[in-house]
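Enquirer: Each chain is listed here by its residues.
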Amino acid sequence: MSASRSKTGREIDKAAALWCVRVDGGRMSDADARDLDAWLEADVRHRGAFARAQAVMARAERARALGAGVSVAESPDAVRATRRRVLMVGGGLAACLAGVVAWRIEAALAPLVLKSSKGEVLRVPLADGSSVTLNTNTELHVRYSRHSRDLELLAGEALFNLRDDRARPFVVRAGAMSLRGGASVFSVRNDRDAPVCMVVRDGTVELTCGQRKPMLIPANYMVKAAATTISADAPLESSRMESQEIARRLAWEDGMLSFKGETLAKAVDEFARYSDTRLVIDDPELAQETVSGRFSSSDPARFAQAVAVSFNARVIDADGALHISR
Amino acid sequence: MLSSMTSQRAHWLARHILPHEPFLRRWLQSRKIGALEIDDIVQESYALLAALNSVEHIVNPKSYFFQTAKSLVLRDLRRAKVVSIETAGDLDVFGLVEQITPEDEVSARQELRVVADALAGLPSRCRQAFELRKIDGLSHRQIAERLGLSERTVEKHLARALHLLMEALGRGGDTASRASMRSKKRSSHVSIQIKDR
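Chains as they are written, first to last, in the numbering used here: chain A, 1 to 326; chain B, 1 to 197.
Derived from the structure by calculation, the hints contain no laboratory data. Every residue, glycine too, gets a C-beta built ideally from N, C-alpha and C. Each hint should be verified, as a subset may be incorrect.
Unchecked claim - A short, non-exhaustive set of chain B residues, derived as facing chain A with CB atoms under 8 Å:
hint: 1; residue: Q43
hint: 2; residue: H163
hint: 3; residue: L165
Claimed, not checked - Distance condition first, Cα-Cα at most 20 Å in a straight line; then the derived DMTMM-like pairs of lysine to aspartate or glutamate:
hint: 4; chain 1: A; residue 1: K115; chain 2: A; residue 2: E139
hint: 5; chain 1: A; residue 1: K115; chain 2: A; residue 2: E253
hint: 6; chain 1: A; residue 1: K115; chain 2: A; residue 2: D276
hint: 7; chain 1: B; residue 1: K156; chain 2: B; residue 2: E145
hint: 8; chain 1: B; residue 1: K156; chain 2: A; residue 2: D24
hint: 9; chain 1: A; residue 1: K213; chain 2: A; residue 2: E253
hint: 10; chain 1: A; residue 1: K14; chain 2: B; residue 2: E155
hint: 11; chain 1: A; residue 1: K260; chain 2: A; residue 2: D299
hint: 12; chain 1: A; residue 1: K14; chain 2: A; residue 2: D32
hint: 13; chain 1: A; residue 1: K224; chain 2: A; residue 2: E152
hint: 14; chain 1: A; residue 1: K14; chain 2: B; residue 2: E37
hint: 15; chain 1: A; residue 1: K224; chain 2: A; residue 2: E237
hint: 16; chain 1: B; residue 1: K156; chain 2: A; residue 2: D32
hint: 17; chain 1: A; residue 1: K224; chain 2: A; residue 2: E242
hint: 18; chain 1: B; residue 1: K156; chain 2: A; residue 2: E270
hint: 19; chain 1: A; residue 1: K118; chain 2: A; residue 2: D193
hint: 20; chain 1: A; residue 1: K7; chain 2: A; residue 2: D30
hint: 21; chain 1: A; residue 1: K115; chain 2: A; residue 2: E61
hint: 22; chain 1: A; residue 1: K260; chain 2: A; residue 2: E270
hint: 23; chain 1: A; residue 1: K7; chain 2: B; residue 2: E37
hint: 24; chain 1: B; residue 1: K70; chain 2: B; residue 2: E37
hint: 25; chain 1: B; residue 1: K156; chain 2: A; residue 2: E11
hint: 26; chain 1: A; residue 1: K7; chain 2: B; residue 2: D76
hint: 27; chain 1: A; residue 1: K118; chain 2: A; residue 2: D299
hint: 28; chain 1: A; residue 1: K118; chain 2: A; residue 2: D269
hint: 29; chain 1: A; residue 1: K14; chain 2: B; residue 2: E151
hint: 30; chain 1: A; residue 1: K118; chain 2: A; residue 2: D150
Let the hints inform the model, and build the full structure from the sequences given.
Expert: Written out as structure tokens, the structure is:
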């Protein structure tokens with residue numbers, strides 16, 4: 001171990017990573033190549049770090065099967081593209097959007113009904129500058145008046161991004177839960193046969209549930225009714241989450257599903273919410289394997305393929321479903 | 001040219017050596033070898049493995065990797081002349097290396113999962129650039145165009161991504177947080193911590 005003793009392993013790793021990226025990019029000039037050789041010649045640790053960087057690079061290549069990059073692979077600018085798609089779904093929605101934007105706040109007798117179909121993610125700007133994003137299969141009723149902003153989530157899941165307006169409280173009802181927010185971002189999920197669940201991403205939301213006293217739910221908390229039907233005394237479950245975990249749970253906003261150690265069985269159930277292409281896992285043992293990564297919610301076939309590759313399984317298209325089996 | 005390690009060798013290292021690196025580091029740590037020395041030993045071990053004419057004779061890569069590291073430790077100890085009693089006593093334990101069996105091979109599946117997790121933990125710009133390069137196979141220039149960045153910035157993002165992956169994959173979880181990777185702890189259940197009004 002000779003020269004540049006003062007350099008730490010990490011500094012060397014950093015330099016090695018940059019060289020490795022340059023070589024991989026294939027745009028090394030002769031002078032660059034000479035510089036690299038000189039650098040490698042200078043210290044055996046440089047040679048080792050460079051080999052190691054190349055090994056890490058090679059290993060990342062091997063991992064592509066797991067679909068860790070499906071998000072970007074699908075579209076270069078996933079977020080923007082999804083928004084675009086969201087804003088351009090069919091003529092019906094366009095009309096509906098125009099209706100919302102041009103909608104007069106006053107004297108709305110009938111609620112505005114927002115609906116998304118299976119696999120659809122709808123982002124709807126509301127007249128006051130707030131916005132709501134509907135996940136798949138969702139129905140939301142919006143009623144704005146001079147004194148109130150009342151929304152009711154009848155089914156599905158929605159993300160609310162609220163503009164504060166002291167004069168007009170914003171209230172979302174879902175099952176027995178009633179949520180009141182100022183400037184805040186939160187999601188609510190109200191599925192049939194499942195307890196209502198809400199997650200606060202930003203700000204604070206006031207939760208009223210049955211006969212309970214109102215509670216303030218801060219950002220990064222999830223609250224879930226413990227049972228499908230809620231009585232005044234039914235317990236609520238709350239848990240704190242890392243903001244990354246929240247981002248993961250709300251990946252649907254960008255048309256993605258993000259898994260982190262979920263079982264395949266659970267992942268397949270998630271896909272079923274978004275697509276009519278059925279995924280079936282024939283092998284119960286395989287169903288208990290876990291998956292991580294981001295996948296396009298509208299492309300279960302690609303997910304199936306990724307699963308097959310990483311678990312040594314096969315995908316068979318039969319009886320109108322994709323069977324994954326070993 | 002020194003930089004011309006074959007891509008087969010890079011893949012061999014990726015498949016057979018890299019997955020064992022966290023174990024080697026932990027093992028060296030348990031031998032009371034300092035962090036800086038460990039970095040040196042690991043890097044030098046890779047250098048030796050990369051420089052081998054052939055790896056076909058290596059039946060048990062993990063064992064070979066540990067042996068290589070061991071020989072470097074011993075060389076350093078001899079150089080240092082003063083060998084502390086503690087370290088010298090531990091030298092016997094090096095004999096254990098031979099007992100490492102091929103069952104220690106990390107399964108391909110586990111390996112993929114580790115990489116996917118590491119990728120998911122990268123800062124989003126870095127990850128995007130890295131995925132466009134490694135998954136979509138775009139050139140640096142194409143990535144620059146797609147992301148609206150200069151090629152130089154793309155290169156920086158890629159290098160940062162690779163460096164963070166080196167930290168995450170090679171060093172294992174322990175230093176991951178220092179490398180600003182996503183924390184392992186995700187959500188912890190607490191009883192209602194919400195203020196009643």
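Enquirer: Hint by hint, note whether the structure agrees.
Expert: So, going through the hints one by one against the coordinates:
no., hint, result
1, Q43, "holds (3 Å)"
2, H163, "holds (4 Å)"
3, L165, "holds (5 Å)"
4, K115(A) <-> E139(A), "holds (5 Å)"
5, K115(A) <-> E253(A), "holds (15 Å)"
6, K115(A) <-> D276(A), "holds (18 Å)"
7, K156(B) <-> E145(B), "holds (15 Å)"
8, K156(B) <-> D24(A), "holds (13 Å)"
9, K213(A) <-> E253(A), "violated (32 Å)"
10, K14(A) <-> E155(B), "holds (13 Å)"
11, K260(A) <-> D299(A), "holds (18 Å)"
12, K14(A) <-> D32(A), "holds (17 Å)"
13, K224(A) <-> E152(A), "holds (17 Å)"
14, K14(A) <-> E37(B), "holds (17 Å)"
15, K224(A) <-> E237(A), "holds (5 Å)"
16, K156(B) <-> D32(A), "holds (16 Å)"
17, K224(A) <-> E242(A), "holds (17 Å)"
18, K156(B) <-> E270(A), "violated (36 Å)"
19, K118(A) <-> D193(A), "holds (18 Å)"
20, K7(A) <-> D30(A), "violated (26 Å)"
21, K115(A) <-> E61(A), "violated (41 Å)"
22, K260(A) <-> E270(A), "holds (13 Å)"
23, K7(A) <-> E37(B), "holds (12 Å)"
24, K70(B) <-> E37(B), "holds (12 Å)"
25, K156(B) <-> E11(A), "holds (15 Å)"
26, K7(A) <-> D76(B), "holds (18 Å)"
27, K118(A) <-> D299(A), "holds (13 Å)"
28, K118(A) <-> D269(A), "holds (14 Å)"
29, K14(A) <-> E151(B), "holds (18 Å)"
30, K118(A) <-> D150(A), "violated (25 Å)"
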